[in-house]
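Number of protein chains: 2
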Amino acid sequence: MLRRPLVALLALTSTLLAFPALTAEQTKATPTAKEILAKSTPAEWRKPDPQNLIYMQLPQGRVVIELAPDFTPLHAANIRTLVREHYFDGLAIIRVQDNFVTQWGDPNDDDNGDKSKIRSLGKASKTLPPEYTRPIDPKLAWTALPDGDVYAPEVGFSEGFPAARDPASGQEWLTHCYGAVGVARDVDPQTGSGSSLYAVIGQAPRRLDRNLAIAGRVLEGMPLLSGLPRGAEPMGFYTKPAQRITIGSVRLAADIPAKDRPSIEVLRTDSPTFATLIDAKRNGRNAFYALPAGKVDLCSIDVPVREPTPAIKTTH
Amino acid sequence: MLRRPLVALLALTSTLLAFPALTAEQTKATPTAKEILAKSTPAEWRKPDPQNLIYMQLPQGRVVIELAPDFTPLHAANIRTLVREHYFDGLAIIRVQDNFVTQWGDPNDDDNGDKSKIRSLGKASKTLPPEYTRPIDPKLAWTALPDGDVYAPEVGFSEGFPAARDPASGQEWLTHCYGAVGVARDVDPQTGSGSSLYAVIGQAPRRLDRNLAIAGRVLEGMPLLSGLPRGAEPMGFYTKPAQRITIGSVRLAADIPAKDRPSIEVLRTDSPTFATLIDAKRNGRNAFYALPAGKVDLCSIDVPVREPTPAIKTTH
Chain B
1 MLRRPLVALL
11 ALTSTLLAFP
21 ALTAEQTKAT
31 PTAKEILAKS
41 TPAEWRKPDP
51 QNLIYMQLPQ
61 GRVVIELAPD
71 FTPLHAANIR
81 TLVREHYFDG
91 LAIIRVQDNF
101 VTQWGDPNDD
111 DNGDKSKIRS
121 LGKASKTLPP
131 EYTRPIDPKL
141 AWTALPDGDV
151 YAPEVGFSEG
161 FPAARDPASG
171 QEWLTHCYGA
181 VGVARDVDPQ
191 TGSGSSLYAV
201 IGQAPRRLDR
211 NLAIAGRVLE
221 GMPLLSGLPR
231 GAEPMGFYTK
241 PAQRITIGSV
251 RLAADIPAKD
261 RPSIEVLRTD
271 SPTFATLIDA
281 KRNGRNAFYA
291 LPAGKVDLCS
301 IDVPVREPTP
311 AIKTTH
Chain R
1 MLRRPLVALL
11 ALTSTLLAFP
21 ALTAEQTKAT
31 PTAKEILAKS
41 TPAEWRKPDP
51 QNLIYMQLPQ
61 GRVVIELAPD
71 FTPLHAANIR
81 TLVREHYFDG
91 LAIIRVQDNF
101 VTQWGDPNDD
111 DNGDKSKIRS
121 LGKASKTLPP
131 EYTRPIDPKL
141 AWTALPDGDV
151 YAPEVGFSEG
161 FPAARDPASG
171 QEWLTHCYGA
181 VGVARDVDPQ
191 TGSGSSLYAV
201 IGQAPRRLDR
211 NLAIAGRVLE
221 GMPLLSGLPR
231 GAEPMGFYTK
241 PAQRITIGSV
251 RLAADIPAKD
261 RPSIEVLRTD
271 SPTFATLIDA
281 KRNGRNAFYA
291 LPAGKVDLCS
301 IDVPVREPTP
311 AIKTTH
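Chains as they are written, first to last, in full-length UniProt numbering: chain B, 1 to 316; chain R, 1 to 316.
Please note that a few of the clues may not be correct.
To be verified - Chain B is faced by these chain R residues, among others (derived, beta-carbon under 7 Å): (1) Asp-98; (2) Ala-144; (3) Asp-147; (4) Val-150; (5) Tyr-151; (6) Arg-207; (7) Ser-226; (8) Pro-229; (9) Ala-254; (10) Ile-256; (11) Thr-276.
None of these hints come from the bench; they were simulated from the model. Because the structure is a prediction, the values reported are computed rather than measured. Beta carbons: idealized from backbone N, C-alpha and C, even for Gly.
Please work from the sequences and hints to get the whole structure.
So this is what it looks like as structure tokens:
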């Protein structure tokens, strides 16, 4: 028996097997994501600004994060300052809470840490205004998702990021979908700085929306953050310091010679190909998935990322 | 700076710090989940039927699964038969696909396997009818979640499981939320047997609803399935057989002497305490989460599980 069937929708073979209760229309397989992407044009892909691209080197590989200065400009600037100071080098992933987040930062900057060894933030700010929402700006691209949402009046994509809007308040904000990179903080909303960040690794914790700042999104390397042993302590903290994963280095793409940068490209979320992908996920069917969902949830939509030329191999 | 703030909503300290823009009402913290559960009554907890409880022993610990015979009776019976034959003992976790599923079964029962070594299913059926949906039955407990849903006309909990309904068709079905255990199959809907199962480890892949049978739900041990290295091959298959995680044993609680069984209890999803928990998640606020979400998504609700007496330690 074939045991490879549970593929993501439309990524399957389009081989059709006849079985009862399917009409001719139903057996016409929707193109796969790969097939749809193969027809994309170069103009539909964007190269993220090197000022917004961060490479975090972990023992098992590289995580690439795109900052979102349209939504959290002060945090983006502060994180750039921290990265340029090599603040994160040698710090660690300090907790992995199942179905929630993986968080990294200074292990000593914690209840159980050695306060005398807390690393200085250098020229970076220790605290920042929250930046949880921003006024809706017609100049920012907005691609509405008409499928509805449990949490927000309107959802869609803004400049590549899953986002939500409330026309009544005139505000928009990034959403805590899988791969969102948020800013850890103390109880006071003013206490985030970007020196400790978390990535969403489970079911979208949308209740965090508008209660925490989202600094960006993981473009590559999510499995390096999600596929880690969960910490046994409350909130997923590791019991022993040796269980933490040490961060080799964190660098800004802009500080790496252009020839050494991976040529990462992200599909534009206002492109026709992205719309086709969403519709294939919403209404697509094939021999394996005979019944289309009819709708698609904001956080179940992946924004495709590619590297047209081979990535550099960073050693650590 | 305290670095333990990013706790799940309401699991936080209720210590209140005063800061601007909060009214007296806003600073009244909602009770935490722990506080709410502490007030539950014994009658609000149920002991799953030992005929429906499965223990899967992995190298790192034990996974407990509750079967859902109300929704997938033929699959439950077949899985019981397989378990009683010790079919799963020595088989393996064969793939971990990021933000999707962890799947286990016979590594040889796959495209790249050695067909001559496929393990016999013994007296179990090799194929079963799909059991993707079932007629709505007023005799089954149904606790509606009024918050809305992107995918289904109605959602809620049925006998402990997150589920969806369509009054128009008169059908109901279990939903692919985090921890759902589904039945892998070939392209033909009739080809599932329960000999290969998957658990959802990421954003709920609700497009799988009504396209695959859900055999049950993981009650304990999700981190043992979600915190695994992702396979590097397409669909998360492991590149080398040595990377697979071997299953020590799979047993039915009913086949274990009662005194040796963990005394697992699950909060009734039709209990007042469960309703209070949901509302705390929906409308709760505290010093950290100043803005309530106002709504809650079906798949973001955890059904509490407890072990009033210590678990047995199974060696393998």
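Numbers of the earlier hints that this structure fails to satisfy, in rising order = 2, 9, 10, 11
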